[in-house]
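Can you build the whole structure from these sequences, using the hints too?
Protein chains in written order, with my numbering: chain A, 23 to 650; chain B, 23 to 650.
It does not matter which identical chain is meant; a pair holds if it fits inside one copy or across any two.
Quick list of in silico lysine-lysine cross-link-like pairs, DSBU-like style, CA-CA up to 30 angstroms:
{"#": "1", "residue 1": "143", "residue 2": "125"}
{"#": "2", "residue 1": "24", "residue 2": "85"}
{"#": "3", "residue 1": "59", "residue 2": "85"}
{"#": "4", "residue 1": "351", "residue 2": "203"}
The set of hints was computed from the structure by calculation and includes no laboratory data.
There are 2 protein chains.
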Amino acid sequence: MKLSITAGKSFDMKEGVSIYETLKANSVFLVSPCGGKGTCGKCQVRVTSGGAVVRSYGKLGQKERDDGLVLACLTSADTDLQIEIPEHSKLVLGGKIAVSIFKDTAAYLKSYGLDFEPLAKRVSLTLPPPTISDNIGDLERLTRALAELGIANMQYSHGFTATVADIIRQGGFNATLSYSKTNNNTSFEAIAIYPQGQNPGRYGLAVDIGTTTVVVYLVDMADGTVIDTGSTYNSQTKYGDDVITRIINATEGGGLDDLRNTVVEDINTIVDFFSSKHNVKSSEIEAAVISGNTTMAHIFWGLNPAAIREDPYIPTLNYYPLWNGAQAKLSINPQATVFTIPGIASYVGGDIVSGILASKMHRSTGISLFMDIGTNAEVAIGNDEWIMTAACSAGPCFEGGGIKFGMRATQGAIESITIDPVTLTPSISVIGGGVPAGICGSGMIDAIVELFKTGIINQKGVFNRTKTPLVREGDEGLEFLIYKADNQQRDIVLTTVDMENLIRAKAAIFAGVSLLLREAGLTLDILEKVYVAGGFGNSLNVEKAVTFGMIPDLPAEKYVFLGNTSIIGAYLTLMSDTLRTELESIASKMTYIELSVVGDYMDEYMSAMFIPHTDLTKFPTVAAALGF
Amino acid sequence: MKLSITAGKSFDMKEGVSIYETLKANSVFLVSPCGGKGTCGKCQVRVTSGGAVVRSYGKLGQKERDDGLVLACLTSADTDLQIEIPEHSKLVLGGKIAVSIFKDTAAYLKSYGLDFEPLAKRVSLTLPPPTISDNIGDLERLTRALAELGIANMQYSHGFTATVADIIRQGGFNATLSYSKTNNNTSFEAIAIYPQGQNPGRYGLAVDIGTTTVVVYLVDMADGTVIDTGSTYNSQTKYGDDVITRIINATEGGGLDDLRNTVVEDINTIVDFFSSKHNVKSSEIEAAVISGNTTMAHIFWGLNPAAIREDPYIPTLNYYPLWNGAQAKLSINPQATVFTIPGIASYVGGDIVSGILASKMHRSTGISLFMDIGTNAEVAIGNDEWIMTAACSAGPCFEGGGIKFGMRATQGAIESITIDPVTLTPSISVIGGGVPAGICGSGMIDAIVELFKTGIINQKGVFNRTKTPLVREGDEGLEFLIYKADNQQRDIVLTTVDMENLIRAKAAIFAGVSLLLREAGLTLDILEKVYVAGGFGNSLNVEKAVTFGMIPDLPAEKYVFLGNTSIIGAYLTLMSDTLRTELESIASKMTYIELSVVGDYMDEYMSAMFIPHTDLTKFPTVAAALGF
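The structure is reproduced here in structure tokens:
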């Protein structure tokens with residue numbers, strides 16, 4: 023049985039196997055935040071001929087059904103099938119995305135009052151050539167010379183040892199050794215040895231593995247220069263948008279290896295590109311620091327993440343031993359030291375610890391709030407003595423998940439919306455211009471705040487259908503028409519369900535912040551700074567986010583937007599042993615609060631399910647501006 | 023161009039490539055102690071048709087040339103070639119050989135006054151199942167439970183860590199951990215974890231990698247039982263008989279990997295056989311101890327041995343870190359702890375250190391001599407306070423190398439000879455009976471002593487051609503006819519060159535012993551015991567070896583034959599942390615004497631080039647018996 027794509031390839035298809043699975047097996051990936059479970063309604067394809075067996079239409083509305091659309095994950099076939107894949111269903115992977123906000127990371131490290139102490143160190147050794155009366159082994163000779171320099175307890179891996187004899191003779195017993203400190207700082211690990219005369223580079227990687235994006239910095243460890251930065255979408259997205267769908271996929275037979283290889287390949291694609299562009303040998307990349315949430319770090323290392331999603335939510339480990347480049351499967355020196363930023367719990371991972379290091383909040387006596395809003399949201403409150411942290415079940419809706427026309431902030435996304443207070447017609451701004459394909463996070467916040475300000479929705483996000491004919495009946499109840507399409511395109515709307523999801527998400531974030539404050543016995547006014555991190559943070563409009571009730575009603579000058587702090591923390595850790603120790607101290611003093619078991623979580627959450635909140639005293643400037 | 027073997031296979035052959043190389047490339051191996059360098063004269067083949075290009079006949083005599091024989095390593099072809107391979111040129115690999123002399127190794131370990139403390143240990147853990155309020159990671163939970171049992175500083179490899187989450191859940195958070203102490207005894211390394219209910223075996227390997235033979239013991243680490251013992255010829259023999267030819271082969275392009283894989287495969291063949299026979303899973307083999315000379319240990323681990331044979335003879339290392347089963351490429355648990363017995367120098371390796379542990383001489387206040395006569399010979403003198411050691415350049419002639427009809431002590435070897443004092447005709451005893459194929463070490467010593475006693479050779483090993491017509495003119499000068507062949511077989515003789523080689527070998531051993539004694543400022547009479555080890559040691563006739571002047575003239579009761587002590591030391595090290603520490607202490611107190619640079623080595627050596635010696639006061643009982 024054949025599955026053919028119009029103006030595309032044909033594949034063998036088995037009876038009972040869905041179009042989605044058949045395409046995936048042939049590396050054709052559809053947008054599918056739910057990972058092919060039939061719940062998100064995004065993997066739409068149009069059947070143009072053949073005997074489709076539609077198990078269910080799922081979320082598809084009548085108009086879409088009339089248009090010949092089905093959900094690929096709920097449809098199989100009993101004869102050859104011809105399909106079309108609409109543009110909005112095609113998953114785009116591997117696109118380049120900008121992330122950095124710190125222009126001069128080396129100067130930023132210096133601002134901690136520290137010099138460079140990179141993960142991979144170098145020492146020049148002049149070994150006395152062996153004689154009959156001084157005939158100890160090469161490795162013992164190395165150890166003796168290191169001891170004379172005060173470097174004791176060097177550990178030698180099998181891979182390293184196999185290179186020693188040839189190399190020290192090539193350099194006439196003069197050699198340069200690369201090595202790193204081990205985690206407990208009581209011993210050292212040999213990475214590589216080079217003969218005198220060779221002057222290899224000493225490079226390191228800072229890697230941020232986000233659920234949605236992967237960012238890699240190539241760093242010259244000799245002087246801390248960031249030689250290049252690269253990023254790509256995490257191709258695991260083809261298995262689902264959030265960590266839960268990834269865990270489900272990993273837990274099913276063989277899935278873990280696939281997921282692991284997928285993200286490793288994303289990283290290696292960037293590393294290989296860097297190596298070629300900058301004439302860096304992979305063997306010269308001697309260290310790497312990996313920062314990611316707990317699930318991402320587990321999958322990166324091939325550790326079964328199943329228990330992360332099962333009550334009581336336990337990772338295999340939070341503190342990672344130092345493993346090596348070969349074990350990480352990275353395109354770097356097989357003996358390279360790979361440090362993984364420690365996590366706190368299943369839903370507060372190394373990316374948050376890394377972010378706190380980058381924010382410096384752990385060095386301040388004043389109390390700060392740290393929020394990382396990405397595919398999910400994590401929050402932390404504290405200072406130089408204590409830090410409390412929690413994960414908010416915000417979900418991926420600000421990155422497009424669970425929103426009918428939601429998408430990431432890429433080409434074709436509506437990124438901002440204003441609604442004329444008189445005519446009630448929307449004006450949109452589209453990334454890259456042209457016909458819009460969907461709405462990204464900042465566009466959604468804009469839209470909901472504008473709809474609220476103009477009275478088209480009420481405090482609960484419920485449409486007032488009498489206000490404007492742009493509020494119309496859709497497949498899922500009332501919806502607001504943001505963009506009226508021509509014949510060939512789709513109308514872009516925000517639905518009642520979208521409103522509910524967005525309000526739930528912001529309520530989860532705000533409830534998290536409120537509860538953490540309460541657990542700490544503090545109130546909002548004590549906060550000196552609010553650090554907002556995450557890819558989302560880059561484009562967030564503070565005033566609108568406050569009006570929405572997503573972030574606390576504090577003066578704008580208290581807000582500091584940091585962008586991707588996970589990658590900056592990884593860089594700092596790569597380039598400073600002192601900051602690596604500081605990072606481990608942050609991790610050890612962070613207290614994780616499981617919000618779902620804190621008694622009044624549901625109260626806080628329900629109170630935040632209004633725009634901006636049921637308790638307007640929490641949003642005094644919003645209340646004043648709206649004239650409440 | 024084709025190379026065909028009569029009644030055998032045909033292979034492609036290239037112009038200029040020798041028959042020897044062509045056969046080797048097709049896994050047909052010839053006897054070739056020199057490794058195909060044209061010097062040993064053993065890789066004889068008979069050309070029956072075709073255009074052979076004979077670069078040189080090397081050591082072949084006229085009779086052999088008349089018989090159509092050529093040396094395969096010195097002969098190529100310019101047309102298709104048909105050859106016959108005589109039985110005596112065929113290298114037999116993989117045959118089983120008996121080695122053990124200690125019947126009850128577990129009782130022997132107890133005789134040190136010690137209990138079992140195996141390399142791989144087990145501990146049962148009852149972990150409190152995680153809860154929301156006790157939500158640390160699995161590995162941190164393991165570490166906490168171990169700390170409560172006083173086991174601190176457990177190290178976790180990547181491979182181990184990947185198994186933890188599933189296994190502890192399978193057992194309801196009750197698990198059994200296998201682990202070992204690391205080399206410095208300050209930390210531990212996790213090997214494997216099993217869920218409660220599973221009761222896997224805990225097996226270990228003791229492995230002796232000799233230049234000629236490989237011996238493997240499968241040990242139940244729970245009670246010290248040796249479940250099975252196996253041995254095989256070291257298939258590296260196809261690359262040459264001694265360590266020097268192996269090093270040359272390893273140093274040439276790609277050879278190291280071949281040599282490494284060859285011996286690893288020898289070991290794995292035995293291990294796989296054991297696993298199948300005794301229903302042992304390879305994952306249940308959790309530890310191994312490797313004992314071998316420095317070259318064998320280097321090649322086993324894939325370490326370039328080139329510098330071992332270049333003045334000043336330096337190994338990559340003498341003290342091996344603990345590496346694992348995967349790195350060793352063994353058919354055992356990839357995380358298994360593999361301990362390598364430390365060596366002393368390039369020509370006194372771990373096998374000698376292991377042997378000294380097994381001899382117990384390091385525990386005695388009295389001074390003993392230890393001799394390990396194998397493919398080469400090493401000697402050591404000392405007691406519980408000091409040990410001095412040296413390697414004797416004895417070469418492999420007692421195992422057949424460098425002797426025209428020399429062979430190992432296998433089927434067809436003449437193992438003992440007497441010569442009638444009246445008729446001067448020899449009587450021979452052949453291993454396995456039948457037509458003799460050659461002479462093994464004990465046969466050579468028998469022969470030379472009998473020839474000497476009957477006056478057929480003089481003290482220098484020179485033939486008296488007037489004594490008997492059995493002394494005849496051969497291709498290499500005079501020779502003694504030991505066995506007169508029928509038409510189809512070869513006469514077996516001992517040649518003048520053989521005499522010279524045997525006397526050189528015994529002189530090297532005796533000079534080594536004498537010099538070590540002198541360096542220690544001691545004389546022979548102080549020796550309380552002489553331990554003779556090695557495969558050769560099994561069949562050695564003390565009286566004849568003394569008469570030959572190979573071993574000191576001491577009362578028979580001072581001689582203790584231990585057989586293969588390398589494997590026994592490996593067993594002891596596998597089963598006792600205390601003996602492992604004792605072994606390392608032996609290694610650290612052993613002083614290596616490089617005989618070739620001791621001033622009067624040549625004098626001692628030259629003095630020993632007589633039967634039994636120029637200085638008969640050193641052999642009083644021999645002198646008395648012979649009536650000198």
